[in-house]
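**Q** Spelled out, the chains give:
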Amino acid sequence: MVGGYAGKILEIDLTTRSLHETPLDYDEARKYLGGSGLAAKVLYDRVGPEVDPLSPENLLIFMAGPLTGTPAPTSGRHAVVTKSPATGIFAESDSGGTWGQALKWAGYDGIIISGKASSPTYLWVKDGDVRIRDASHLWGKDSYETDDIIKSSVGERAVVACIGPAGERLCKLAAIMNDGYDGRTTGRAGVGAVMGSKNLKAIAVEGSRKPSIVRRGELLENLKTIIPQIKEYMVAMTKFGTGNGIVATEASGDMPIKNWRQGSFVEGAGVTSGQYMAEHYLVRNYHCASCPIGCGRVIKVENGPYKTAEGAGPEYETLTALGALCLNDNLEVIMLGNELCNRYGVDTISAGAAIAFAMEAYEKGMISQEDAGGLDLRWGNPEAIIGLIHQIGKGEGLGLLLGEGVRIASERLGGLAPEWAIHVKGLECAMHDPRAYHSMATGYATGNRGGCHLQSASYLWERGPQAFKTAIPTMPFEWYEDRHGLENKGKLTVNCQNLMSVMDSLKLCKFVFNGRVGIENFANWTSCITGLDISADELMEAGERLYNLKRMYNVRHGISRKDDTLPSRILSHKRGTGGSAEFLPKFGEQLSEYYDARGWTEEGIPAEETLRRLGLDFAVKHLPVAARI
Amino acid sequence: MQVLFAPPYNDAVGQRTVTVQLSEGAHVAGLLDLLVEMFPPLRQALTDALGRLLLGSEFFATVDDKVAKADQVLHEGSSVRLFPAIGGGARIESGRFTA
Ligand code: SF4
Numbered sequence: 254m255v256g257g258y259a260g261k262i263l264e265i266d267l268t269t270r271s272l273h274e275t276p277l278d279y280d281e282a283r284k285y286l287g288g289s290g291l292a293a294k295v296l297y298d299r300v301g302p303e304v305d306p307l308s309p310e311n312l313l314i315f316m317a318g319p320l321t322g323t324p325a326p327t328s329g330r331h332a333v334v335t336k337s338p339a340t341g342i343f344a345e346s347d348s349g350g351t352w353g354q355a356l357k358w359a360g361y362d363g364i365i366i367s368g369k370a371s372s373p374t375y376l377w378v379k380d381g382d383v384r385i386r387d388a389s390h391l392w393g394k395d396s397y398e399t400d401d402i403i404k405s406s407v408g409e410r411a412v413v414a415c416i417g418p419a420g421e422r423l424c425k426l427a428a429i430m431n432d433g434y435d436g437r438t439t440g441r442a443g444v445g446a447v448m449g450s451k452n453l454k455a456i457a458v459e460g461s462r463k464p465s466i467v468r469r470g471e472l473l474e475n476l477k478t479i480i481p482q483i484k485e486y487m488v489a490m491t492k493f494g495t496g497n498g499i500v501a502t503e504a505s506g507d508m509p510i511k512n513w514r515q516g517s518f519v520e521g522a523g524v525t526s527g528q529y530m531a532e533h534y535l536v537r538n539y540h541c542a543s544c545p546i547g548c549g550r551v552i553k554v555e556n557g558p559y560k561t562a563e564g565a566g567p568e569y570e571t572l573t574a575l576g577a578l579c580l581n582d583n584l585e586v587i588m589l590g591n592e593l594c595n596r597y598g599v600d601t602i603s604a605g606a607a608i609a610f611a612m613e614a615y616e617k618g619m620i621s622q623e624d625a626g627g628l629d630l631r632w633g634n635p636e637a638i639i640g641l642i643h644q645i646g647k648g649e650g651l652g653l654l655l656g657e658g659v660r661i662a663s664e665r666l667g668g669l670a671p672e673w674a675i676h677v678k679g680l681e682c683a684m685h686d687p688r689a690y691h692s693m694a695t696g697y698a699t700g701n702r703g704g705c706h707l708q709s710a711s712y713l714w715e716r717g718p719q720a721f722k723t724a725i726p727t728m729p730f731e732w733y734e735d736r737h738g739l740e741n742k743g744k745l746t747v748n749c750q751n752l753m754s755v756m757d758s759l760k761l762c763k764f765v766f767n768g769r770v771g772i773e774n775f776a777n778w779t780s781c782i783t784g785l786d787i788s789a790d791e792l793m794e795a796g797e798r799l800y801n802l803k804r805m806y807n808v809r810h811g812i813s814r815k816d817d818t819l820p821s822r823i824l825s826h827k828r829g830t831g832g833s834a835e836f837l838p839k840f841g842e843q844l845s846e847y848y849d850a851r852g853w854t855e856e857g858i859p860a861e862e863t864l865r866r867l868g869l870d871f872a873v874k875h876l877p878v879a880a881r882i
Numbered sequence: 010m011q012v013l014f015a016p017p018y019n020d021a022v023g024q025r026t027v028t029v030q031l032s033e034g035a036h037v038a039g040l041l042d043l044l045v046e047m048f049p050p051l052r053q054a055l056t057d058a059l060g061r062l063l064l065g066s067e068f069f070a071t072v073d074d075k076v077a078k079a080d081q082v083l084h085e086g087s088s089v090r091l092f093p094a095i096g097g098g099a100r101i102e103s104g105r106f107t108a
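Protein chains in written order, with our numbering: chain G, 254 to 882; chain X, 10 to 108.
It should be emphasised that the hints constitute simulated quantities derived from the structure, not laboratory data.
Certain hints may be false.
Stated by the list, open to error - Calculated lysine to aspartate or glutamate pairs in the EDC-like style (CA-CA distance at most 20 angstroms, straight line): (1) G:369 / G:266; (2) X:75 / G:664; (3) G:484 / X:74; (4) G:827 / G:842; (5) X:78 / G:382; (6) G:463 / G:409; (7) X:78 / G:520; (8) G:722 / X:20; (9) G:874 / G:862; (10) G:839 / G:861; (11) G:369 / G:303; (12) X:75 / G:532; (13) X:75 / X:85; (14) G:815 / G:855; (15) G:484 / X:85; (16) G:763 / G:740; (17) G:553 / G:585; (18) G:647 / G:623; (19) G:815 / G:794; (20) G:484 / X:42; (21) G:261 / G:274; (22) G:261 / G:382; (23) G:763 / G:485; (24) G:553 / G:582.
What the hints assert, rightly or not - What the simulated footprint calls covered on chain X by chain G, stretch by stretch (three residues with Cβ under 8 angstroms from a Cβ of chain G suffice, anywhere in the stretch; the number is not a length): (25) 23-36; (26) 42-56.
Model, not experiment: these values are computed from the prediction.
Virtual Cβ for every residue (Gly too), placed ideally from N, Cα, C.
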């Protein structure tokens, strides 16, 4: 018996309203693990380059990992995988909360959705019983309302993943929200638009079938020491959330400011920090399932123009995207902006990036106040930030353009606008600056979903040797304290990406590293839970396999070195002041080192022997002709 | 007064808890100055290249479980805790900004 997995995948064709269960192929599961890895294989096999992301032929895949729904620390997560309407390539997005756990306990490792419902629909999945229900009354409702209405119908124990109005309107910044007012999100790459294109408003799940844990005693014995250790190392995160380090982020030059063109925001950082939030607005912490850390914030602004409901507060990415990036130092505006993004179902990183882009276009005379529906888009103007979120969420006015993402918006505006559209492959860059941590240059440039910090998260390693050693003890070089140096940065990105692929597949939260745990612990937990003997080396090889699989998906869509680049602002404009004032990443050399370490050609294509070594022989036929010679 | 060191500062100090005597009216900055004198490895973790305390950026102090500023006055029986910034923001270990 293999533990951890539910052993079944639910497939639903919304066009024909048919459903069936597929038994999990355990050989595939060992190779691709679960979560975004296993889902990537499904996407690779079934959604080719000819499929339009918003067509019924695209798949929307929700997938838990083998650790989801078990006591493994921070494992209460699930992945959503699809072809992205924002980038046109591979998309994965990850969320915490309790939805993934509920899915597993309902008896499924994943749900694969194809087709398009003839009218608004939602799914109700309870302990193996699946219903396709009418959602006409939910269409147009925000994500918090949708959660309330569905629960009033199916019961409070259900956990709901849903889109808001942005997803219904196929906005390319649309997210899929889960866990209602707790505001957990699969936010990136427009996954909410794919759900909207299928006329699927929500999936409610509930279950009582916990997965078996084969070596339960051994696991619990291990967790007895590991959980207190994680808690001890992560006091700051528990107390102040992921925004605890905002002041230091600003000081080190890692925080993008004023659409990535300013070096310092000292005072603004202080009053938008996790500490400031804890002191003035924090109601309580929020813990995703099986998480001993609880970095989530539940906040409330009681009065004033930026009053909020009691619900999810912003984390670091949102604090910066709606704060420093737009030169906004008003935390209440950020918190209301966060709530509105959650309600509309909009990714806060991309929303902040789109607003900052619009503010720069306004400053440079390419967008007028009239274009913005009367909003004065001067930097930091609270009314502009809130107003533009409404426009994006409702698909009105300038929001229609910004809702396409900054790449398309800049192309439509024309002129020099692409110069200040900060994205990679169509995905707006996250809130960590490669000019501060140079490995993030290849991290963003080669991220399989575009400008994402979590595909490598290598900035975490550039910060300190201890986390580095614990996370991957076999890292093939020593840590050195030069975040602005070039040496080994390409290799660092490769190793970190492989590790992140493992975590995205087992379904673990990236923050758990700060508790001084790493690949050895993950192998131990996975072995205890599944009963299979899985070593750290086997997991790292699986991570490498998965990264190559996703890359090959993108290669089939025409991606190569020409696309693996950064916005010119990051490559060639210095921050000017602050902790990374004078530094630019030496990108070309780093990228070549990266390809070399990956076993890819100089054009960024996996070599045939690399694919064969990783057991990806089926992908060889998809190599471009030139790469096979 | 008791000072509790969260990891990795406990490694620098060699213990989890330290009891110190401070004069009446002493404030948090004074306590921190005393601690870096007492435990030299802490200096690298808690100060920048110019010796300035990185309170509020690289690390935090709480007094009786509330975030404390440098000028907060301490009282007999106060419980002080030091821990590093982590995660989305700060550097997670000792060392100095290289800029
Ligand atoms: S650390 Fe935060 S985001 Fe990660 S699982 Fe825990 S509560 Fe969720």
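**Q** Compare the structure with each hint and give your call.
**A** Against the structure, the hints come out as follows:
1. Our distance criterion of 20 angstroms between C-alpha atoms is met by residue 369 of chain G and residue 266 of chain G, whose separation comes to about 8 angstroms.
2. With a C-alpha separation of about 49 angstroms, the suggested pairing of residue 75 of chain X with residue 664 of chain G is violated against the 20 angstroms cut-off.
3. Taking the CA atoms of residue 484 of chain G and residue 74 of chain X, the gap is about 16 angstroms. The hint holds against a cut of 20 angstroms.
4. This hinted pair checks out: residue 827 of chain G and residue 842 of chain G have alpha carbons roughly 19 angstroms apart, not beyond 20 angstroms.
5. The suggested pairing of residue 78 of chain X with residue 382 of chain G is violated, with an alpha-carbon distance near 55 angstroms, which exceeds 20 angstroms.
6. Taking the CA atoms of residue 463 of chain G and residue 409 of chain G, the gap is near 19 angstroms; set against the 20 angstroms cutoff, the hint holds.
7. A distance of roughly 15 angstroms separates the Cα atoms of residue 78 of chain X and residue 520 of chain G; the hinted pair therefore holds under the 20 angstroms criterion.
8. Note on residue 722 of chain G and residue 20 of chain X: the hinted pairing holds, with a Cα-Cα distance of about 16 angstroms set against a maximum of 20 angstroms.
9. For the proposed pair residue 874 of chain G and residue 862 of chain G, the alpha carbon gap of about 13 angstroms is at most 20 angstroms, so the pair holds.
10. Between residue 839 of chain G and residue 861 of chain G, the direct Cα distance comes to roughly 28 angstroms. Violation of the 20 angstroms bound is thereby established for this hinted pair.
11. Among the hinted pairs, residue 369 of chain G with residue 303 of chain G is consistent with the structure: their alpha-carbon atoms are about 17 angstroms apart, no more than 20 angstroms.
12. Restraint check: the Cα-Cα separation between residue 75 of chain X and residue 532 of chain G comes to about 9 angstroms, which is no more than 20 angstroms; the hinted pair holds.
13. Proximity of residue 75 of chain X to residue 85 of chain X is assessed by CA-CA distance (about 16 angstroms); at most 20 angstroms being required, the pair is judged to hold.
14. For the suggested pair residue 815 of chain G and residue 855 of chain G, the alpha carbons sit about 11 angstroms apart, so the restraint of at most 20 angstroms is met.
15. Between residue 484 of chain G and residue 85 of chain X, the direct Cα distance comes to roughly 28 angstroms. Violation of the 20 angstroms bound is thereby established for this hinted pair.
16. The hinted pair formed by residue 763 of chain G and residue 740 of chain G fails the criterion: a straight-line CA distance of about 25 angstroms is larger than 20 angstroms.
17. Proximity of residue 553 of chain G to residue 585 of chain G is assessed by CA-CA distance (about 9 angstroms); at most 20 angstroms being required, the pair is judged to hold.
18. In summary, the hint linking residue 647 of chain G to residue 623 of chain G is supported, as the alpha carbons are separated by about 18 angstroms, within the 20 angstroms threshold.
19. Proposed proximity of residue 815 of chain G and residue 794 of chain G is contradicted: the alpha carbons are some 27 angstroms apart, above 20 angstroms.
20. Proposed proximity of residue 484 of chain G and residue 42 of chain X is contradicted: the alpha carbons are some 27 angstroms apart, above 20 angstroms.
21. Under the criterion of a C-alpha separation no larger than 20 angstroms, the hint pairing residue 261 of chain G with residue 274 of chain G is consistent with the structure, at around 6 angstroms.
22. At most 20 angstroms may separate the alpha-carbon atoms for a hinted pair to count; residue 261 of chain G and residue 382 of chain G meet this at roughly 13 angstroms.
23. Among the hinted pairs, residue 763 of chain G with residue 485 of chain G is consistent with the structure: their alpha-carbon atoms are about 17 angstroms apart, no more than 20 angstroms.
24. Straight-line distance between C-alpha atoms of residue 553 of chain G and residue 582 of chain G comes to about 18 angstroms, which keeps the hinted pair within the 20 angstroms bound.
25. Only residues whose C-beta sits within less than 8 angstroms of a C-beta in chain G count toward coverage, and the segment 23-36 of chain X has 0 of them, not enough to reach three; the restraint is violated.
26. For the segment 42-56 of chain X, the proposed coverage by chain G is not satisfied: 0 residues have a C-beta within less than 8 angstroms of a C-beta in that chain, short of the threshold of three.
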